[in-house]
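Trainee: For reference, the chains in residue letters:
2 protein chains.
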Amino acid sequence: MVNIAVLGYGTVGSGVVEVLTTNRETITKRAGEAIDVKYVLDLRDFPGDPIQEKIVHDYQVILDDPEIKIIVEVMGGIEPAYTFVKKALQVGKSVSTSNKELVAKHGAELLALANQKNVNFLFEASVGGGIPIIRPLNQSLTADEIDEITGILNGTTNYMLTKMDTAGADYDTVLKEAQDRGYAERHPEADVEGYDACRKIAILTSLAYGMQVDYEDIHTEGITHITETDFKYAKAMNMGIKLLGTSRREEGGLFALVAPMMIAHDHPLYSVNDVFNAILVKGNALGDVMFYGKGAGKLPTASAVVSDVVDEVKHMGTHIMTIWQPQKLHLVEYTLYKSRFFVRAKNGTEDKARALFGDIAICHAEGVDGEYGFVTEPMTVGDFEEKKSQLDGFIARIFMN
Amino acid sequence: MVNIAVLGYGTVGSGVVEVLTTNRETITKRAGEAIDVKYVLDLRDFPGDPIQEKIVHDYQVILDDPEIKIIVEVMGGIEPAYTFVKKALQVGKSVSTSNKELVAKHGAELLALANQKNVNFLFEASVGGGIPIIRPLNQSLTADEIDEITGILNGTTNYMLTKMDTAGADYDTVLKEAQDRGYAERHPEADVEGYDACRKIAILTSLAYGMQVDYEDIHTEGITHITETDFKYAKAMNMGIKLLGTSRREEGGLFALVAPMMIAHDHPLYSVNDVFNAILVKGNALGDVMFYGKGAGKLPTASAVVSDVVDEVKHMGTHIMTIWQPQKLHLVEYTLYKSRFFVRAKNGTEDKARALFGDIAICHAEGVDGEYGFVTEPMTVGDFEEKKSQLDGFIARIFMN
Chain F
1 MVNIAVLGYG
11 TVGSGVVEVL
21 TTNRETITKR
31 AGEAIDVKYV
41 LDLRDFPGDP
51 IQEKIVHDYQ
61 VILDDPEIKI
71 IVEVMGGIEP
81 AYTFVKKALQ
91 VGKSVSTSNK
101 ELVAKHGAEL
111 LALANQKNVN
121 FLFEASVGGG
131 IPIIRPLNQS
141 LTADEIDEIT
151 GILNGTTNYM
161 LTKMDTAGAD
171 YDTVLKEAQD
181 RGYAERHPEA
191 DVEGYDACRK
201 IAILTSLAYG
211 MQVDYEDIHT
221 EGITHITETD
231 FKYAKAMNMG
241 IKLLGTSRRE
251 EGGLFALVAP
261 MMIAHDHPLY
271 SVNDVFNAIL
281 VKGNALGDVM
291 FYGKGAGKLP
301 TASAVVSDVV
311 DEVKHMGTHI
321 MTIWQPQKLH
331 LVEYTLYKSR
341 FFVRAKNGTE
351 DKARALFGDI
361 AICHAEGVDG
371 EYGFVTEPMT
381 VGDFEEKKSQ
391 LDGFIARIFM
401 N
Chain B
1 MVNIAVLGYG
11 TVGSGVVEVL
21 TTNRETITKR
31 AGEAIDVKYV
41 LDLRDFPGDP
51 IQEKIVHDYQ
61 VILDDPEIKI
71 IVEVMGGIEP
81 AYTFVKKALQ
91 VGKSVSTSNK
101 ELVAKHGAEL
111 LALANQKNVN
121 FLFEASVGGG
131 IPIIRPLNQS
141 LTADEIDEIT
151 GILNGTTNYM
161 LTKMDTAGAD
171 YDTVLKEAQD
181 RGYAERHPEA
191 DVEGYDACRK
201 IAILTSLAYG
211 MQVDYEDIHT
221 EGITHITETD
231 FKYAKAMNMG
241 IKLLGTSRRE
251 EGGLFALVAP
261 MMIAHDHPLY
271 SVNDVFNAIL
281 VKGNALGDVM
291 FYGKGAGKLP
301 TASAVVSDVV
311 DEVKHMGTHI
321 MTIWQPQKLH
331 LVEYTLYKSR
341 FFVRAKNGTE
351 DKARALFGDI
361 AICHAEGVDG
371 EYGFVTEPMT
381 VGDFEEKKSQ
391 LDGFIARIFM
401 N
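As you go down the protein sequences, you meet chains F and B in turn.
For the first sequence, the UniProt record's numbering begins at 1 and goes up steadily by one.
For the second sequence, the UniProt record's numbering begins at 1 and goes up steadily by one.
Worth double-checking, as some hints may not be accurate.
Identical copies go unnamed one by one, so any copy, or any two together, can satisfy a pair.
EDC-like cross-link-like pairs, simulated, lysine to aspartate or glutamate; straight-line CA separation at most 16 Å [stated by the list, open to error]:
hint : residue 1 : residue 2
1    : Lys232    : Glu366
2    : Lys105    : Asp274
3    : Lys298    : Asp288
4    : Lys282    : Glu250
5    : Lys346    : Asp392
6    : Lys232    : Asp170
7    : Lys87     : Glu333
8    : Lys29     : Glu145
9    : Lys338    : Glu385
10   : Lys176    : Glu189
11   : Lys87     : Asp64
12   : Lys338    : Glu386
By construction, these hints were calculated from the structure, which means they are not laboratory data.
Make the full structure from the sequences, and use the hints.
Mentor: Dropping the structure here:
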């Protein structure tokens with residue numbers, strides 16, 4: 001029997017306890033021994049809840065208990081999570097976490113510490129909720145040079161964009177609906193501004209290339225400027241608009257970007273709708289593989305956390321290697337990022353647009369008056385910005401994937 | 001440095017050598033040491049090819065060389081692969097294989113032998129080509145009770161069905177085209193009769209439930225009876241037809257089936273087209289996850305084989321546990337399998353169909369005369385067969401997923 005402690009009895013924490021209880025038999029079989037929750041750390045008490053007898057308010061109790069081999073950190077945020085996790089690893093306990101901020105910021109350091117102490121620091125739930133993506137990147141896609149990772153990494157914004165697409169609703173309406181359904185928070189910036197997706201693509205890219213990608217270096221745009229009109233153009237072109245986190249290897253180095261992008265209807269990510277997430281990985285030998293599932297939610301996230309705990313039980317006394325080292329990976333500057341762009345501009349500027357962007361095809365969308373759209377050839381962001389600044393009547397632009 | 005031997009220098013075998021050469025740097029980093037091919041076993045010689053100096057014709061040379069720690073078996077078929085693999089494990093060498101026949105038939109036994117000898121027997125490439133599915137099932141989906149596995153497991157037939165759907169071509173035409181393109185073999189039975197998909201769903205089900213599922217026990221239908229007319233009905237109902245391998249847990253036990261099935265346009269497998277494969281796994285905590293990619297081909301398959309080799313290098317001296325035991329898993333009898341059915345019948349039998357199947361909605365497809373279609377309520381295969389036998393004018397039926 002292995003004793004574990006859970007830090008934080010919120011949504012995911014209570015999910016972890018529930019999964020361990022409900023699936024006890026299967027989990028015991030897969031781990032090789034039973035897994036018992038001995039402590040739950042929370043500031044609150046839960047009188048009447050059976051969990052109450054396991055509640056402790058002092059982390060030191062957990063740290064000092066030699067019976068505790070594995071700690072589950074599901075508090076979220078950098079502090080005190082960072083301090084708690086570091087201390088756990090230092091005293092030789094393995095950690096499983098769902099905390100993307102923590103992993104994006106301190107992942108390399110905590111992995112190095114785990115390696116040094118011959119324990120494990122696993123974080124399957126930090127990206128894609130229940131979707132297995134961290135372990136496959138670490139252990140399955142090991143024969144390939146990774147050429148590209150592109151994902152729908154945030155369920156809230158994917159739900160909102162799906163609603164805008166299918167119901168023709170505007171941004172404010174779908175945000176309110178998402179908030180009412182509990183998919184979006186009252187302060188939705190982390191989701192709608194792309195910050196959440198940014199941390200996740202930073203984690204995936206670090207794991208794929210074995211160096212530290214600082215999420216602050218990734219140019220990040222959210223979905224707040226996406227309108228019903230954009231979707232009308234997308235429909236006219238038989239495309240969709242998705243908030244994508246992407247990183248790709250090119251001659252000049254590694255590019256990374258988070259932004260809403262147009263994707264063609266035959267792209268594997270096109271039909272990933274509602275709160276679902278999906279991550280597409282391109283390897284130089286295996287081609288495209290995609291991982292799809294619920295990117296959030298109590299039980300899917302808890303399932304991923306518990307799968308890490310099972311792995312840690314199976315690897316007691318051995319460190320599971322990753323290639324993520326602390327050296328900083330310098331991304332190619334945003335202005336050198338190459339893409340095609342979808343552009344909207346006011347009627348009457350078509351000739352100027354042609355003079356600037358070459359032989360473009362003008363596109364009109366049903367129900368949209370006074371303006372037109374077109375798609376550029378591939379060019380760098382810098383080139384595009386330069387040309388754009390000369391196009392009077394420019395309205396908006398969206399990256400094309 | 002780790003020395004390996006490759007058994008069979010066919011498509012996959014040469015792909016393995018190519019991947020190990022092309023991606024040597026990345027693979028060395030991920031495995032922790034360099035991986036070198038010391039021998040290639042093949043009956044043929046390859047004069048002028050650099051591989052020639054590594055060619056051996058006598059397997060004993062490989063078995064007797066203590067430098068060889070890992071053997072890659074990519075010959076296919078049961079013999080001599082089975083004998084070779086067994087001998088390798090017996091003398092303490094790990095094995096990585098792409099051989100689905102071997103794994104479906106002898107997987108449990110070879111895993112037990114590997115465990116006993118403290119080496120590894122891995123077979124990521126045996127299902128889904130380059131798609132990581134075996135390792136995720138073994139190591140990621142460990143917190144869940146698996147409720148269902150449903151997959152498009154054969155690229156040849158998926159290519160053919162996609163062509164029938166999009167080009168309105170008939171079965172014989174698309175088979176010939178698939179053969180011309182090298183997607184289908186001259187003797188295409190293994191693919192078109194569903195035998196290949198059957199072995200793959202047997203492997204996945206064995207791994208998910210930890211017992212031996214004998215593929216002979218799985219009711220298997222191929223796509224040879226699927227016609228253009230079936231696709232016209234599918235279109236009328238906004239559905240697709242896919243050859244699916246499926247197993248699911250129900251109150252009465254475990255059901256498994258391979259057959260062409262109708263699936264709705266919002267099903268995650270609906271948009272998996274051409275030679276792509278995808279496997280949908282439903283867990284009781286994590287919900288639906290799907291794994292998508294190229295299900296065959298030289299480099300994708302080789303990539304999966306090499307990822308196993310990397311894992312074996314990282315786990316030298318430790319056996320990677322699976323729960324697949326040799327005890328036989330008794331599947332629920334086919335006649336008790338519950339499904340809805342799509343039925344085609346001759347005009348004039350509508351009243352009888354209603355008397356037998358209740359309040360059904362009659363469906364007519366564009367360009368199809370003299371007959372109609374309908375979808376039944378969920379019922380067992382046995383019940384369906386009984387009712388069907390009473391419906392004069394019955395033409396065909398397809399399972400609904």
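Trainee: Confirm or reject each hint.
Mentor: Okay, the hints, checked on the actual structure:
{"no.": "1", "hint": "Lys232 x Glu366", "result": "within (7 Å within a copy, 30 Å between copies)"}
{"no.": "2", "hint": "Lys105 x Asp274", "result": "neither (28 Å within a copy, 41 Å between copies)"}
{"no.": "3", "hint": "Lys298 x Asp288", "result": "between (29 Å within a copy, 14 Å between copies)"}
{"no.": "4", "hint": "Lys282 x Glu250", "result": "within (13 Å within a copy, 37 Å between copies)"}
{"no.": "5", "hint": "Lys346 x Asp392", "result": "within (8 Å within a copy, 65 Å between copies)"}
{"no.": "6", "hint": "Lys232 x Asp170", "result": "within (12 Å within a copy, 37 Å between copies)"}
{"no.": "7", "hint": "Lys87 x Glu333", "result": "neither (36 Å within a copy, 55 Å between copies)"}
{"no.": "8", "hint": "Lys29 x Glu145", "result": "between (35 Å within a copy, 11 Å between copies)"}
{"no.": "9", "hint": "Lys338 x Glu385", "result": "within (12 Å within a copy, 59 Å between copies)"}
{"no.": "10", "hint": "Lys176 x Glu189", "result": "within (13 Å within a copy, 55 Å between copies)"}
{"no.": "11", "hint": "Lys87 x Asp64", "result": "within (11 Å within a copy, 49 Å between copies)"}
{"no.": "12", "hint": "Lys338 x Glu386", "result": "within (14 Å within a copy, 63 Å between copies)"}
Of the numbered hints listed earlier, those contradicted by the structure are 2, 7.
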